[in-house]
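2 protein chains.
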Amino acid sequence: MNKTNPEIPYKILLSEAELPTQWYNVRADMKNKPAPLLHPETHKPMTFDELRNVFCDELTKQELDDTNPYIDIPDEIRSFYRMYRPAPLVRAYFLEKALGTPARIYYKFEGNNTSGSHKLNSAIAQAYYAKKQGLKGVATETGAGQWGTALSMACAYFDLICQVFMVKVSYEQKPFRREVMRTFGASVTPSPSDKTAVGRRILADHPGTGGSLGCAISEAVEAAMGQEGFRYVLGSVLNQVLLHQSIIGLETKIGLEKYGEKADVVIGCAGGGSNLGGLISPFMGEKLRGEADYRFIAVEPASCPSLTRGVYAYDYCDTGMVCPLSKMYTLGSSFMPSANHSGGLRYHGMNSVLSQLYADGLMEATSVEQTKVFEAAQFFARCEGTLPAPESAHAIRAAIDEAVRCRETGKAETIVFGLTGTGYFDMFAYQKFNDNAMTDYIPTDADLAGSLAKLPKIG
Amino acid sequence: MNKTNPEIPYKILLSEAELPTQWYNVRADMKNKPAPLLHPETHKPMTFDELRNVFCDELTKQELDDTNPYIDIPDEIRSFYRMYRPAPLVRAYFLEKALGTPARIYYKFEGNNTSGSHKLNSAIAQAYYAKKQGLKGVATETGAGQWGTALSMACAYFDLICQVFMVKVSYEQKPFRREVMRTFGASVTPSPSDKTAVGRRILADHPGTGGSLGCAISEAVEAAMGQEGFRYVLGSVLNQVLLHQSIIGLETKIGLEKYGEKADVVIGCAGGGSNLGGLISPFMGEKLRGEADYRFIAVEPASCPSLTRGVYAYDYCDTGMVCPLSKMYTLGSSFMPSANHSGGLRYHGMNSVLSQLYADGLMEATSVEQTKVFEAAQFFARCEGTLPAPESAHAIRAAIDEAVRCRETGKAETIVFGLTGTGYFDMFAYQKFNDNAMTDYIPTDADLAGSLAKLPKIG
Numbered sequence: 037m038n039k040t041n042p043e044i045p046y047k048i049l050l051s052e053a054e055l056p057t058q059w060y061n062v063r064a065d066m067k068n069k070p071a072p073l074l075h076p077e078t079h080k081p082m083t084f085d086e087l088r089n090v091f092c093d094e095l096t097k098q099e100l101d102d103t104n105p106y107i108d109i110p111d112e113i114r115s116f117y118r119m120y121r122p123a124p125l126v127r128a129y130f131l132e133k134a135l136g137t138p139a140r141i142y143y144k145f146e147g148n149n150t151s152g153s154h155k156l157n158s159a160i161a162q163a164y165y166a167k168k169q170g171l172k173g174v175a176t177e178t179g180a181g182q183w184g185t186a187l188s189m190a191c192a193y194f195d196l197i198c199q200v201f202m203v204k205v206s207y208e209q210k211p212f213r214r215e216v217m218r219t220f221g222a223s224v225t226p227s228p229s230d231k232t233a234v235g236r237r238i239l240a241d242h243p244g245t246g247g248s249l250g251c252a253i254s255e256a257v258e259a260a261m262g263q264e265g266f267r268y269v270l271g272s273v274l275n276q277v278l279l280h281q282s283i284i285g286l287e288t289k290i291g292l293e294k295y296g297e298k299a300d301v302v303i304g305c306a307g308g309g310s311n312l313g314g315l316i317s318p319f320m321g322e323k324l325r326g327e328a329d330y331r332f333i334a335v336e337p338a339s340c341p342s343l344t345r346g347v348y349a350y351d352y353c354d355t356g357m358v359c360p361l362s363k364m365y366t367l368g369s370s371f372m373p374s375a376n377h378s379g380g381l382r383y384h385g386m387n388s389v390l391s392q393l394y395a396d397g398l399m400e401a402t403s404v405e406q407t408k409v410f411e412a413a414q415f416f417a418r419c420e421g422t423l424p425a426p427e428s429a430h431a432i433r434a435a436i437d438e439a440v441r442c443r444e445t446g447k448a449e450t451i452v453f454g455l456t457g458t459g460y461f462d463m464f465a466y467q468k469f470n471d472n473a474m475t476d477y478i479p480t481d482a483d484l485a486g487s488l489a490k491l492p493k494i495g
Numbered sequence: 037m038n039k040t041n042p043e044i045p046y047k048i049l050l051s052e053a054e055l056p057t058q059w060y061n062v063r064a065d066m067k068n069k070p071a072p073l074l075h076p077e078t079h080k081p082m083t084f085d086e087l088r089n090v091f092c093d094e095l096t097k098q099e100l101d102d103t104n105p106y107i108d109i110p111d112e113i114r115s116f117y118r119m120y121r122p123a124p125l126v127r128a129y130f131l132e133k134a135l136g137t138p139a140r141i142y143y144k145f146e147g148n149n150t151s152g153s154h155k156l157n158s159a160i161a162q163a164y165y166a167k168k169q170g171l172k173g174v175a176t177e178t179g180a181g182q183w184g185t186a187l188s189m190a191c192a193y194f195d196l197i198c199q200v201f202m203v204k205v206s207y208e209q210k211p212f213r214r215e216v217m218r219t220f221g222a223s224v225t226p227s228p229s230d231k232t233a234v235g236r237r238i239l240a241d242h243p244g245t246g247g248s249l250g251c252a253i254s255e256a257v258e259a260a261m262g263q264e265g266f267r268y269v270l271g272s273v274l275n276q277v278l279l280h281q282s283i284i285g286l287e288t289k290i291g292l293e294k295y296g297e298k299a300d301v302v303i304g305c306a307g308g309g310s311n312l313g314g315l316i317s318p319f320m321g322e323k324l325r326g327e328a329d330y331r332f333i334a335v336e337p338a339s340c341p342s343l344t345r346g347v348y349a350y351d352y353c354d355t356g357m358v359c360p361l362s363k364m365y366t367l368g369s370s371f372m373p374s375a376n377h378s379g380g381l382r383y384h385g386m387n388s389v390l391s392q393l394y395a396d397g398l399m400e401a402t403s404v405e406q407t408k409v410f411e412a413a414q415f416f417a418r419c420e421g422t423l424p425a426p427e428s429a430h431a432i433r434a435a436i437d438e439a440v441r442c443r444e445t446g447k448a449e450t451i452v453f454g455l456t457g458t459g460y461f462d463m464f465a466y467q468k469f470n471d472n473a474m475t476d477y478i479p480t481d482a483d484l485a486g487s488l489a490k491l492p493k494i495g
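Keeping their order, the protein sequence lines are chains A and B.
Each residue of the first sequence is one higher than the last, beginning at 37 in my numbering.
Each residue of the second sequence is one higher than the last, beginning at 37 in my numbering.
The hints are all genuine.
Coverage of chain B stretches by chain A, computed from C-beta distances (three or more under 8 Å per stretch; other residues unrestricted):
(1) 112–124
(2) 146–156
(3) 181–195
(4) 454–463
Just so you know, these hints were derived from the structure itself, not from any lab.
Using N, Cα and C, we set each Cβ at its ideal position, and we do this for glycine too.
Just need the whole structure built from these sequences, with the hints factored in.
Encoded structure:
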């Protein structure tokens, strides 16, 4: 029967006193900086004054800062972090045993809070700065719902109005996430909606559409900019988000060091890049500074493969083409993932820092089909006792594949992956898998050519 | 803005090395022992040989043991516990602040595992002893689904067959819990079903019934006893369950002592008694031995008020009247809570240890209406960032009421309550509350008289 060595702790828990006091900004150590955001009409780099109409001032500053490596985490945010952080770094003993691998597998678990994911790390920061600036509220979009839930929790904490545009297909398939947001006092609108001009236009052009993240972003931006004392906030893609999420990687690094471990490979699922970027940032910093070497693997869905099959070009961050342009790996802002795609990781592009790192060959990327992802999710749940979010299971899939490679080559490598969240609100998808009714979909080159043809012409 | 003193930790976390090595059996310290289980036909005390047909041998021994105060936790169970234990003991700073109370409020949080509740503490023990005895599988019932989920996780871990009879109304209202169980490999049957004789009888007598826990118990017992190599397992009510759940109270006590705190009042929600009994056991032991004094408060739903409105008498543990008789506070085994009652805590009786302690005046009990419970749940979620299970919110309600009393009297008491789990699978109920569509129901004396009239005549 299963039995572990009680001398080796299963969970590496840091004390609250070990909670990092600063975020790490990987841009500071990059030789090739990520390309700047461009104005959607003039195609010139967005200035502080232009961006501050969209984001609150301090976040605008963070968005543009590519020189300061460390930024203090305000006490108020650290107080909130202490509710659920430091997050556990778990040794996956039972998974290792089931795989018969000599690899040591660790996962950083970000699901032990009510938002169910790492999104809370940035939500509380964004809410704090909005409150500090004296704003009334914020508007945002959410896909699978983790970000919206996280933001509603953060806004409840700081007593801010929270308006969420939720991708319609998720709004309908995940009514329970909506209710969590409402419990925390947020208003939730299915997107596209008739509340905004861009929503009405998209509804007219695509009647009956289930929506997309890019489209919900357009609506949230319009809503935020049309209300006095409101700003727009976003849970991924932005550099400020990567900055806040660096708390994941910083804690992971402290935890590993405390136990004398050094990662060989660091793996994260990749949608807009918030978790992956946060997890790998401090390790990437060491690599950029020549202090250590690591392999990094971004894992994306085969049905929405921006890094592995997109192009590296300037593109709109949103479907409505009202947001700034970002240089990134993209499938085109009009790309919509197939309806059979479950869970998040459905954004058409990738954060510009990660895009630059990938273009520079500092990071690998792979894509996996969802039936393989859910097989890994089920296997992991039965071994490790935690039901993963479908998003997180992309990283599990790759970690298992790496551990199997270690078994075949006899290498005792240290594999670290991000378990971004729990799957409690994804049971429709699990049910499909349990009923053997889940299918895969990989877009054809012709599918992608359609949305890629609409990329803006820059310069 | 909210800010806490970083010198005082928010979460009292024990190291894995501090995980208790023994469970505590409060029966050993009781002068008035709980009354023995009686055979449903002969009305004589159940012997070891009779009970071992229902439960596996080691659990039968634990069920009957009212003399040994400490029982070793096997290494295999401790290995599993280390996946999610020690569980956090959290100082509810933000709740205290929001209430303006001088009281110090702590909660022991048992929701940080995929089963979403404390039930896993006993599930893994029961699965272990079944496996050790060489059994093939176990059958059980589940109401809200926490116990079934916990058992399916435990059975997946030890590779045992897991058959769950799920109260039909929960099966339909909580399809997602069912899918979690299936993901862990369990088979789930809505109860009453036509798979058992007792199920068919109940279906014939009550066509269209949504089922009850007592009725699902009857079916699970019949299913277990009719299959070679199977035993029945139960997630609450039994003394063996209280024993395993004592891990909650033991950790709580170590955590408080580590920070120089002494509880004045310990509060738990009460359905069958598993969490309440586990939480208070070690504290009650001190009180029984005259070493310390505490107030204990059992909080039950006004719609299913066994302690506060039931009678202390021998009754069947199940609706089908095939199980042994237990002397307990009961509403009668045919009692069914109103259909508008949300969440668990819908059992007609109360564990016999807790019943005896209550009869002896060693514990208080109160009942609360569900709209007040959900008000407390929402308030707590917004303050403390954790969405509680409706069951747990009964304890929150009472803790808030006690904290308000402290505010009014100026007493800086230490209030400890059990936060048994999370509400992620209870969003139908939260939605009702969010929509202002939740109602209360308190059974009339005449309602109760009906089921109480059917109590068996003993002696």
